[in-house]
Amino acid sequence: MIWSVAWKNIWRNKKRSLVVIFAVTLGIIAGVLLVGIMEGWFRERLDSAIYNEVSHIQIHNKEYVKNEEINLTVRNPDETAQSIDSLPGLSAWVKRTKIIAMANTPWANTGVLIYGIDPEKEKSITNIYKKIVTDGGRYLTAQNPGDILISDKTAEILKLKQYLISDSIIRELAVKKVPATVLAKLETLKDKRFRSPKDFREVLKKEFSKKELDRYGPLITEKALDYRIRNKIQISISDREGNPIQGIFRVCGIYKTTNTGFDQTAVFVNAGELAKLYGGDDLLTHEIAVLLDNMDQAEVMKEKLSHISGENTVRTWKELAPDAAMMNDFMIIYYFIFLGIIMLALAFGIINTMLMTILERTKELGMLMAIGMNRRRIFGMIMLETIFLTFVGAAAGMLSGWTIIKILGRTGIHFAGWGEGFEAIGYAAKVYPVVTPEFFVFTTIMVITTAIISSLWPARKALKLNPVDALRTV
Amino acid sequence: MNQEFKIAWRNLWRNRRRTIITSASVFFAVFFAVIMRSYQLGAYDHMINNFIESFTGYLQVQHEKYQDNPLIDYSFDQNDATVAEILKVKNVVSVAPHLESFTLASSGTQTKGVAVIAIDPVKEKNFSDPEGKLVKYRITDNAVQQLKDGSALPDDVLEKVKKNLGRAYSSPLRLERELALSAEDNELHMPKILQCAEISNGYLAGDDEGILVSDRLAGYLKVAAGDSVILMGQGYHGASANGIFPVRGIIKMPSPEIDNKLIIMTIPAAQTFFDADGKITSLVVNLTDKSSRTIRAAKSGINALLHDKNTTAKTWYELNPIMYQQIKGDSQSGIAMLGVLYFIIFFGIFGTVLMMVSERKREFGVLVAIGMQKTKLKRVFTIEMILLGTIGLVGGLLASVPLITYFCYHPIVLKGELASMMEDWGWEAIMPTAPIGSYFYWQAVVVLFMVALATIYPLRQIGRLKETEALKG
Amino acid sequence: MSTNLFVTICLLAFFLISFQEGKSQNPDATEIVKRAQDKVNGLSSKGTMTMTIVRPGWSREVTMKAWSLGTDFSLIYITSPAKDAGQVFLKRYNDMWNWMPSINRMIKIPPSMMGQSWMGSDFTNDDLVKMNSMVDDYQHHIIGNEVINGYACHIIELIPNPEAAVVWGKILVWISKTEYYELRAEYYDEDGILANYMTSGEIKLMGDRMLPSKMVMIPMDAEKEGHETRLEMMDTQFNIKIGEEFFSQQNMKTVR
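Protein chains in written order, with the working numbering: chain V, 4 to 477; chain G, 206 to 678; chain E, 23 to 278.
No lab work stands behind these hints: they were computed from the structure. A couple of the hints might just be wrong.
Said to hold, decoys possible - Examples of chain E residues lying across from chain G (beta carbon under 7 Å, computed):
1. Asp117
2. Trp119
3. Met141
4. Met232
Stated by the list, open to error - Here are the simulated DSSO-like cross-link-like pairs (lysine-lysine), alpha carbons at most 27 Å apart as the crow flies:
5. G:Lys328 with V:Lys18
6. G:Lys457 with G:Lys367
7. V:Lys307 with V:Lys321
8. G:Lys211 with V:Lys65
9. G:Lys514 with V:Lys213
10. V:Lys180 with V:Lys208
11. G:Lys514 with E:Lys56
12. G:Lys583 with V:Lys366
13. G:Lys317 with V:Lys69
14. G:Lys295 with G:Lys328
15. G:Lys427 with G:Lys317
16. G:Lys466 with V:Lys17
17. V:Lys464 with G:Lys566
18. G:Lys466 with V:Lys321
19. G:Lys466 with V:Lys69
20. G:Lys293 with G:Lys328
21. G:Lys328 with G:Lys367
22. V:Lys65 with G:Lys368
23. V:Lys366 with V:Lys18
24. G:Lys566 with V:Lys201
25. V:Lys195 with E:Lys246
26. V:Lys259 with G:Lys295
27. V:Lys180 with V:Lys193
28. G:Lys533 with V:Lys133
29. G:Lys295 with V:Lys209
30. E:Lys275 with V:Lys209
31. G:Lys295 with V:Lys65
32. V:Lys201 with V:Lys213
33. E:Lys263 with E:Lys56
34. V:Lys214 with G:Lys368
35. G:Lys427 with V:Lys209
Claimed, not checked - Label-pair restraints from in silico Cβ distances:
36. V:Asp326 with E:Asp117: 37 to 43 Å
37. G:Glu269 with V:Thr224: 34 to 40 Å
38. V:Arg253 with E:Glu266: 36 to 42 Å
39. G:Ser376 with E:Asp117: 46 to 52 Å
40. V:Ile232 with G:Gly407: 52 to 58 Å
Quick caveat, the model's predicted, so the values are computed rather than measured. Yeah, the Cβ is synthetic: ideal placement off N, Cα and C, and Gly gets one too.
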């Protein structure tokens with residue numbers, strides 16, 4: 004009987020019911036959003052490290068870890084290969100030649116780590132092939148053996164990132180409604196080649212006013228940018244006997260990741276072409292990178308691999324990118340504190356609302372008590388109502404929460420940069436919220452529990468009502 | 206107006222329960238908003254501050270061309286008078302000189318390119334604190350052998366020690382934590398373990414000619430305290446720089462890349478080596494806090510007093526724009542989370558208010574029926590809301606103060622792997638709240654705004670009130 | 023009959039000689055470059071040099087003794103300034119060694135150091151080792167004439183062979199027509215921009231031949247405005263008696 008009374012009560016006062024339902028729905032959406040944002044934020048940081056740089060596990064010769072010398076190749080490569088293939092939860096793996104080298108152009112030189120890779124296989128492990136900049140050529144292919152892929156930073160150091168104002172660029176800028184006065188000043192800079200972003204900026208600063216620079220500077224810089232694709236880079240390495248060997252590679256493309264440190268040293272060529280330099284038909288393997296289906300399996304897989312490939316050093320992404328790992332751990336604690344605060348806020352919000360609801364139903368409850376419904380039944384009725392409403396809210400919350408995350412997960416949330424004092428910082432960050440099913444369920448359960456527990460106290464308060472007082476009107 | 210105020214006031218006290226519940230919703234709203242923001246700012250700030258303080262400093266004085274071309278040729282004259290003047294600038298906490306360059310290190314047959322950072326051993330303690338990173342204990346094969354032969358170490362304890370073979374520690378505490386022995390095992394065996402794992406080590410003093418070598422580099426060069434390392438390369442104006450340096454100690458740098466190639470020496474020793482008499486490459490300045498106001502003020506203050514016109518003060522974000530962008534990005538995520546909280550607490554207020562109005566429908570109906578003008582009722586209600594809001598607000602702010610203050614000075618101490626990592630970096634493994642600041646008042650403003658928003662709907666409801674229906678109760 | 027024979031022989035001889043003359047009067051571009059190189063390297067040489075490094079705001083002088091054998095071996099002994107004195111550099115084929123008596127240390131320069139400037143000058147370690155690939159790594163064409171300091175010169179364009187591991191897009195050299203002095207060299211990147219150039223002058227009698235005694239290398243990078251490196255050969259003897267054994271690590275430690 005209580006059940007039908009409770010049910011009817013819900014529909015009788017729509018406003019009240021909606022408020023409770025809404026509380027729960029909101030709580031779930033909030034929780035899910037929170038988790039999604041944090042998860043999206045961690046992922047962003049981690050993904051960059053894992054999918055551009057360190058993968059989940061890497062294997063190196065023990066001594067190679069200290070000094071990237073050509074002879075320090077991975078020991079027992081065949082056994083190691085076999086054991087990797089037999090790993091459960093393996094997603095992909097690659098072998099790489101990776102040695103210290105010097106890169107030279109007529110204008111500059113710099114130390115680099117040259118990766119000899121199989122361009123196609125590498126796509127299954129890293130996202131570098133997706134990181135080619137606009138107008139930055141193309142990724143490495145096996146069909147063009149003499150290619151070399153370098154980063155935007157390396158191009159800058161080697162003076163291959165140049166700026167040039169030409170007639171066609173001036174025309175393009177005119178189409179983009181750049182004023183004639185600005186274009187006229189650009190005419191004086193025409194056909195001069197600037198071999199570094201700094202040089203170009205200095206010249207622009209001299210020619211233009213601050214206002215003009217703020218408005219048109221970025222556009223001009225963007226259009227004038229000229230990566231010297233197809234220019235040659237001289238690579239010097241030590242061959243296996245310690246003799247210096249040099250070879251020429253031609254830039255095929257420019258990539259850019261969020262980690263300039265990595266970018267600055269990593270250049271990529273076809274493994275076979277690099278092998279031609281150091282002589283011998285064998286491709287030397289200095290690094291094996293493994294990608295798993297689930298990054299949490301990394302530790303376990305590392306143990307397995309260490310047993311079989313004992314002579315080498317096997318490391319997980321946590322060891323290879325300790326700062327990313329540390330941020331990860333730090334953020335988890337951060338997250339739990341905030342989830343806690345938000346759940347508390349929700350709980351109090353619900354308690355408050357429920358209290359007010361009870362207060363609003365004083366007369367009704369007083370009536371029920373007066374006609375003889377015992378207190379325990381009333382308590383049960385109120386709790387039942389709450390539970391019904393909570394579940395309705397939960398359903399609505401899960402549905403809408405899931406949809407919102409799916410949408411935002413694709414479009415991303417843009418932060419236009421608002422500071423504490425509402426100062427615009429001008430830096431746009433994007434977060435792609437993502438929620439794993441486990442978290443989803445976890446959040447929902449948390450919210451339902453919070454809602455029900457929060458209702459306990461107000462419901463008990465209802466029992467303390469004195470029917471006589473309750474029946475009195477305002 | 207006065208009359209309406211009196212009515213509103215009396216209304217509040219007439220139904221205590223209602224008043225308390227409604228103002229409580231505001232109370233909690235403010236309370237949670239402040240606590241959350243305080244934690245966000247505190248914990249994150251703690252990380253940033255630690256990072257800034259141990260890596261770049263809040264400001265650095267450098268030759269203006271040094272950042273783009275970190276060459277020793279772009280060094281400048283060291284000047285004690287300038288340092289003294291900088292220390293007098295408002296909010297400056299400490300100043301440490303640095304002379305940095307690159308060179309080749311060699312020992313036996315091993316040669317490697319290394320970064321040389323020359324410091325003032327005393328002043329550097331306030332900064333990157335190399336002394337705190339000295340390796341005092343190392344679990345070597347030798348140590349394990351000694352423990353096996355010598356003492357009556359139970360097998361499981363020995364296994365735990367073996368598991369950490371090769372690890373280096375800067376303090377007994379770290380070693381204890383990583384071995385994670387039971388309390389009694391600890392008491393029984395730790396002294397012996399410490400004794401076997403101890404290695405001789407020392408810091409640099411004054412104008413010592415010795416060097417500190419980073420742990421991985423020392424492993425590669427196969428040197429320990431007491432051995433020598435050869436440094437060779439080019440110095441100031443291309444002069445040849447060659448020398449043999451005794452190793453005073455080994456330090457462990459948390460970042461493996463740095464740990465692979467760092468040499469620390471005193472500035473006088475480096476000046477002789479690089480033929481850069483009296484020169485330094487930067488002055489690292491630490492301030493009281495990192496608010497943009499403080500930093501900007503300090504920067505202009507320092508720039509004004511620099512005599513050498515080739516030098517300039519640069520902020521940590523100018524020196525490290527990428528880190529800066531990342532931090533900004535992270536703080537935006539934090540604001541998003543705060544937004545989520547706002548949603549919830551707004552609901553808390555709104556739901557409560559809505560229910561309150563619902564409960565008072567009859568009361569309002571009666572008032573209008575007996576002749577009170579709706580506009581007057583609206584005004585009374587608005588005043589009630591303002592009063593309720595204020596009570597809740599003030600209460601919430603006051604209640605949050607002790608909590609914030611407590612966790613500011615007695616913050617949550619982190620444990621486990623995370624704590625170890627943070628300490629490796631030289632940071633305290635804590636999560637503090639931020640001290641009371643402008644964010645405090647901003648939260649109050651936001652909540653007041655919410656109260657105002659929550660009042661709008663009920664006011665409209667009053668407007669649309671039909672007395673007859675209301676009276677039905 | 024004998025007169026005819028005599029005349030024939032004379033005519034033959036005449037033709038042969040003029041043929042030779044003709045050959046040496048119109049040598050092809052590669053030949054010109056080779057001769058210019060040989061003039062400077064000879065089969066072997068020994069001499070003293072002063073290198074002046076000029077920068078905006080300061081300059082530095084380094085004096086040294088240098089020995090060479092063909093294009094594969096050379097040894098340089100630094101005599102001043104004090105901080106650098108006593109150091110020895112050895113080139114054997116493509117390897118470079120450095121002996122530092124102050125720390126009793128011999129190292130082989132690894133590829134990672136080859137790009138570094140030598141003694142702080144505008145020459146890199148690599149330049150010292152690869153100074154003489156002009157003949158082998160390039161295709162040569164005469165593209166014009168110019169008079170420099172009173173000497174009529176061929177302007178020869180050097181385009182790198184496809185397999186050659188050189189960074190330049192092209193090199194232009196000015197070689198005097200009769201004496202084969204290399205009076206100017208311009209190094210271009212692939213986009214045709216001048217990266218640096220060298221000029222030589224002050225022809226003097228060195229040992230058994232006339233040669234430019236001063237050389238200046240000037241980088242064209244905007245960042246290196248006002249930088250230059252000058253080399254002055256104080257006295258040099260050519261075709262001295264010297265063998266491969268001289269160019270050894272052991273000798274680096276004892277040479278004075």
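Hint-by-hint comparison with the structure:
{"no.": "1", "hint": "Asp117", "result": "violated (15 Å)"}
{"no.": "2", "hint": "Trp119", "result": "violated (13 Å)"}
{"no.": "3", "hint": "Met141", "result": "holds (6 Å)"}
{"no.": "4", "hint": "Met232", "result": "violated (32 Å)"}
{"no.": "5", "hint": "G:Lys328 with V:Lys18", "result": "violated (67 Å)"}
{"no.": "6", "hint": "G:Lys457 with G:Lys367", "result": "holds (20 Å)"}
{"no.": "7", "hint": "V:Lys307 with V:Lys321", "result": "holds (17 Å)"}
{"no.": "8", "hint": "G:Lys211 with V:Lys65", "result": "violated (83 Å)"}
{"no.": "9", "hint": "G:Lys514 with V:Lys213", "result": "holds (24 Å)"}
{"no.": "10", "hint": "V:Lys180 with V:Lys208", "result": "holds (21 Å)"}
{"no.": "11", "hint": "G:Lys514 with E:Lys56", "result": "violated (52 Å)"}
{"no.": "12", "hint": "G:Lys583 with V:Lys366", "result": "holds (25 Å)"}
{"no.": "13", "hint": "G:Lys317 with V:Lys69", "result": "holds (10 Å)"}
{"no.": "14", "hint": "G:Lys295 with G:Lys328", "result": "holds (19 Å)"}
{"no.": "15", "hint": "G:Lys427 with G:Lys317", "result": "holds (12 Å)"}
{"no.": "16", "hint": "G:Lys466 with V:Lys17", "result": "violated (70 Å)"}
{"no.": "17", "hint": "V:Lys464 with G:Lys566", "result": "holds (22 Å)"}
{"no.": "18", "hint": "G:Lys466 with V:Lys321", "result": "holds (21 Å)"}
{"no.": "19", "hint": "G:Lys466 with V:Lys69", "result": "holds (10 Å)"}
{"no.": "20", "hint": "G:Lys293 with G:Lys328", "result": "holds (16 Å)"}
{"no.": "21", "hint": "G:Lys328 with G:Lys367", "result": "violated (38 Å)"}
{"no.": "22", "hint": "V:Lys65 with G:Lys368", "result": "holds (17 Å)"}
{"no.": "23", "hint": "V:Lys366 with V:Lys18", "result": "holds (17 Å)"}
{"no.": "24", "hint": "G:Lys566 with V:Lys201", "result": "violated (70 Å)"}
{"no.": "25", "hint": "V:Lys195 with E:Lys246", "result": "holds (18 Å)"}
{"no.": "26", "hint": "V:Lys259 with G:Lys295", "result": "violated (41 Å)"}
{"no.": "27", "hint": "V:Lys180 with V:Lys193", "result": "holds (19 Å)"}
{"no.": "28", "hint": "G:Lys533 with V:Lys133", "result": "holds (25 Å)"}
{"no.": "29", "hint": "G:Lys295 with V:Lys209", "result": "violated (35 Å)"}
{"no.": "30", "hint": "E:Lys275 with V:Lys209", "result": "violated (55 Å)"}
{"no.": "31", "hint": "G:Lys295 with V:Lys65", "result": "violated (51 Å)"}
{"no.": "32", "hint": "V:Lys201 with V:Lys213", "result": "holds (16 Å)"}
{"no.": "33", "hint": "E:Lys263 with E:Lys56", "result": "holds (23 Å)"}
{"no.": "34", "hint": "V:Lys214 with G:Lys368", "result": "violated (63 Å)"}
{"no.": "35", "hint": "G:Lys427 with V:Lys209", "result": "violated (53 Å)"}
{"no.": "36", "hint": "V:Asp326 with E:Asp117: 37 to 43 Å", "result": "holds (40 Å)"}
{"no.": "37", "hint": "G:Glu269 with V:Thr224: 34 to 40 Å", "result": "violated (22 Å)"}
{"no.": "38", "hint": "V:Arg253 with E:Glu266: 36 to 42 Å", "result": "holds (38 Å)"}
{"no.": "39", "hint": "G:Ser376 with E:Asp117: 46 to 52 Å", "result": "holds (47 Å)"}
{"no.": "40", "hint": "V:Ile232 with G:Gly407: 52 to 58 Å", "result": "holds (54 Å)"}
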